[in-house]
Amino acid sequence: MAPHDLRRPFKRPAISDQQRRRELALLRQAQQRSDSHNRARQLASSLLSLPAADQPPSSPEPILEDQPIQIEPASPEPEPEPPEAAPTRDLNVVQASKLRGLEARRWFARQLMLPEWMIDVPPYLDRDWYVFARPAGMRCFVVSSNGTTVSRLRNGSVLHQFPSLLPSGARRKDLSGPAHSYCILDCIFHEPDQTYYVIDMVCWRGYSLYDCTAEFRFFWLNSKLAETGACGPPAAYHKYRFSVIPIYDCDQMGLQAAYAGVVPHVKDGLLFYNKHAHYQTGNTPLALVWKDEFSSQYFLDTDGTGQVPAQQQVVLELQDDGKLTTSDDPPVVFGCMDGEFLQKSNLRPGNLLRFAIGDESARLHDGRLEILDLQFVAKVNPRSRAFADSYSKVFFQYAARHSPLRIEDLIASIQPNLGDNSKTTDVDMDD
Amino acid sequence: MAMEVTQILLNAQSVDGSIRKHAEESLKQFQEQNLPAFLLSLSSELANNEKPVDSRKLAGLILKNALDAKEQHRKNELVQRWLSLDMGVKAQIKSYLLQTLSSPVNDARSTASQVIAKIAGIELPQKQWPELIGSLLSNIHQLQPHVKQATIETLGYLCEEVSPQVVDQDQVNKILTAVVQGMNASEGSPDVRLAATRALYNALGFAQANFSNDMERDYIMRVVCEATLSPVVKIRQAAFECLVAISSTYYDKLASYMQDIFNITAKAVREDEEPVALQAIEFWSSICDEEIDILDEYGGEFTADSDIPCFYFIKQALPALVPMLLETLLKQEEDQDQDEGAWNLAMAGGTCLGLVARTVGDDIVPLVMPFIEENITKPDWRQREAATYAFGSILEGPSPDKLTPIVNVALNFMLTALMKDPNNHVKDTTAWTLGRIFEFLHGSTVETPIITQENCQQILTVLLQSMKDVPNVAEKACGALYFLAQGYEDVGPASPLSPYFQEIIQALLTVTHREDAGESRLRTAAYETLNEVVRCSTDETAPIVMQLVPVIMMELHQTLEVQKLSSDEREKQNELQGLLCGCLQVIIQKLGSSETTKYAFLQYADQIMDLFLRVFACRNATVHEEAMLAIGALAYATGANFVKYMQGFYPYLEMGLQNFEEYQVCAITVGVVGDLCRALEDKILPFCDGIMTQLLKDLSSNQLHRSVKPPIFSCFGDIALAIGESFEKYLIYAMPMLQSAAELSAHAATADDEMLEYTNQLRNGILEAYSGILQGFKNSPKTQLLLPYAPHVLQFLDTLYNEKDMDDTVMKTAIGVLGDLADTLGSHAGPLINQSVSSKDFLEECLSSDDHLIKEAADWAKLAISRAIAG
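Protein chains in written order, with the UniProt record's numbering: chain W, 1 to 431; chain F, 1 to 871.
Just so you know, the hints here were simulated from the structure itself, not pulled from any lab data.
Keep in mind it's a predicted model, so treat the numbers as computed, not measured.
Note that the Cβ used here is the ideal one computed from N, Cα and C, for glycine as well.
If a hint is listed, it holds; no wrong ones were tucked in.
Partial chain W-side listing against chain F, Cβ under 10 Å, derived:
#1 Pro9
#2 Lys11
#3 Leu24
#4 Arg28
#5 Gln29
#6 Ala40
#7 Trp204
#8 Leu209
#9 Trp220
This is chain W alone, in the form it adopts within the complex (with noise of 0.2 Å):
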């Protein structure tokens, strides 16, 4: 019980430069500790595909060289893409954005999901869809990484290289996050009023989302972009307004708000998306897109001039042993090119091809379009398209010209009380 100390420090920092040193050296392991954990935690979540290797080397291309590239404004609508048949070597995001010219072309064109055209109606859609109305435009892909966003067309060449409120999207120091904190958008670049509509979102401040449902993709969507102030109005920091587009579950309500309701933009057909399907590069029966002459400018195929041809055009691909096939996996045949005629048309294997198709040369086969007589009408600049079309589009475009599928036969297969509602459907899960 003797008198305490009751000395203070006096004249002397309350802290010493040793235990100043320790503490700084602690932080910066902590800071390290917690970055390596965050490293792991995307790395092995958001591996992706690249094309290997061995394929041509490309020569360095800069981006904003891009030479600009001709849309054909008859088909905006992405089309399915050929088989990915390379080998693949796994890759990060990150790395991915740092790609340029060529190579980032490839690589972008094969990372969207690419809908199937709607030819019948499948099973439980007001259960197990969603819908909602695709605004006309082009689509593309929206990568926001180091302080800036490029948007890319689906051929993979650049639209807009600039500065967005989006994660990393701009050269801000209040704005930019670690250098992982990067975004991929899908998104659809309507120009009457500059807006991209995001229809998708594949991945947010580093972490994928490829694995995710599409219920989760859009719940996460709505709740996570507005955060960034990405969807208000252009900016000095931000060039373009990005936008959310009202999703709704395919019953009746649904289906009519997303047919009829007021939106800002053009309406071009509406985008059916199965509510349990990740994302999937590529073509996919789990989301759909259909059309009538109502929701789209674009119900039947224009032409380079936006004319609506006398007879149905169709694009595909010539094979070594002459056949022309559609772009999916595995091909469908169409018809075949003999060889006099090849040789003299100096036409080659891989070329895309248009045709057009004689009102009386196809017909429904037990379900299935064949086609009797194709009519060779010039070869495809590969610079604005790199796929032949789909079956399914083709068969679109063909029961359009026939016996289209109406918004009544829609509606009609989501009145309520239709048979057995015990029965599920078993989704075809990707993976």
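Assemble chain F onto chain W, guided by the hints.
Same frame as chain W, but now just chain F:
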């Protein structure tokens, strides 16, 4: 059974070394051969009034040391040893001790009361010796003052040793009644009154209920205040100590006594002897501490449910308190700046003034300014120094708006005084005040800069010049430069210091070489400032920092070449090595953190590593710690190439991990293992058997300071993340340890803030381990091995959530673990995760957190879970 030990005890205090040594040896043998007889003999010696006082005192001291030790591990052993002794022996010992309380010999009584309290500290929590307090209390009514004095002293020590929960309220009331009655002015014996006043100091913690009762509190306070007026100095001092303790323990009960206490303390400060006056000042410093804490915690906003409201005692007392404190500033001692242990009225008063400024802010400025203006130019150095000290003291607390105009006027005056004042004491305080100006009013967060392009050069010229002054002034000048540099920490690429950078470094190096740099901590201050200057340097001066590398290396090299030192010289040498390693650490971290400088710096890596390894060969804890920290920074800069140093470094790494005694070294080494894991990744694998063995040993040891355990768990995570599925073989050891630690830490069940903080550190370590292990196994075919542990991990998370006492760091780590579990185990863990509370309520709470790190981790967890459940 008791033996005659008098002669041995006297011999043990002999001036003759060999006799002493022999006696100590005999005592040790006796203790080892027959502990009960040994203790019994000692207590009998202590109780025997026929024996010499010296042998009795030593007997009591050895008894006390047989019951308690500073070191926790040893203490526990001694407690167990006592509890396992034969009951009869213990009863006999206790009886001797109680008997000693009546001895006419003061030293014997006093020693016995301490031993009784130690035994009470062991036995009362075990519900043993229930009659002790009763029998002590019955002594109180004895008429002999010396017995009463010893009994009250024993009660005081008992309150110090035993926690209040162990004693029931009825006995507490009786103890307090006895103690407070003993303090009363009516008590005839000053010895009893002093013992009672000191006993009350220890018993205050027991008086919660009594302080909540107005009548009892009034009575206690009246007796304490009366005791401050006792004619005996020691009683007055002890009474003020009670007031200081009351001010922090019962702050919220003081309102109605403050006027009286102010009068008492003011009188003591002005008129009483120094030890009493110092306690009186301490009362006000302690009230400031309380109010600063309360205002910090509640940010000035009090609602009905605030735990402790602020009574603004300081604000109310301000007009009288400030003049009283200013008077004390004029009572300096001649050479107080050279005396490390000095503590006097002026120092205490100035310190209190600084606390008052922090408590009330702007209000203090108009009360102090007239004193400064009046005194700062006076011919008497005491007045100039007091005025400067007053100014320096009030720089923390008031707003920059209030202070900046004054500082702008004063700055030039201060710079001139630092150069020209004839008095060292004034210069010392002036340099210190400049440092305070830079610390609180200079930096990127200050709106109106004090330092401009115009005066920056002048300030530097004065400070660098002043660094050549006498050591205590030079040390303060270094301190001022430290804060000047710190203020430019995030100034951007062009620092105003850059043009003078070379000159500053040179001046600091010159200081470190001064003959008298050992005085007044000058060398240390110079290196610390050098470190801060380097830390806050920018890219433009990186080449100069680079040139510093070989200079510091050479200095370190020279300290390693010197042979044959006296122990005093060796201590100084070690201190210097510590400073040099610390400096190298700062430089490595600076140059290693930028890609542009890293590669140029790495040319020195081999040589630096060589030096560090030689430093390790000298055995000194501080030096080891500094070198270890530096190596951590070096590993980070070097990356995977560090593997070439591992063979040479590993023995010292292992040594560091085994250093139980200097636990700071052990803790730092554990952190360095983490650095190595991140630098080497799977190349650390060959060393992992050894490292894991050491870490597991550390965890099982009850000798190792507990603060090292959380970082060890985190380190498991670092290792697992680095070596991935190769961690498999450590799972059977690491997982059970994590599991039992998790169970222990899940329920902190304590209101003790310090314990809760530790518990949260432990939780965080455990969770970081889980994260690292889960992530390390991700995408491995051996993921299945972790599945059996998943239920426990989830249960741990659920418990943490239900306990509701996690801090933000734990919350962030915990929700991240949930994500890692889902991510690594995927659909295998889906159903388990679905059942857990964590995946629902906890996740929801984290998703809506304001803390963006928690939110980010929660986003990740939600994603991972949705994937795991979607399969």
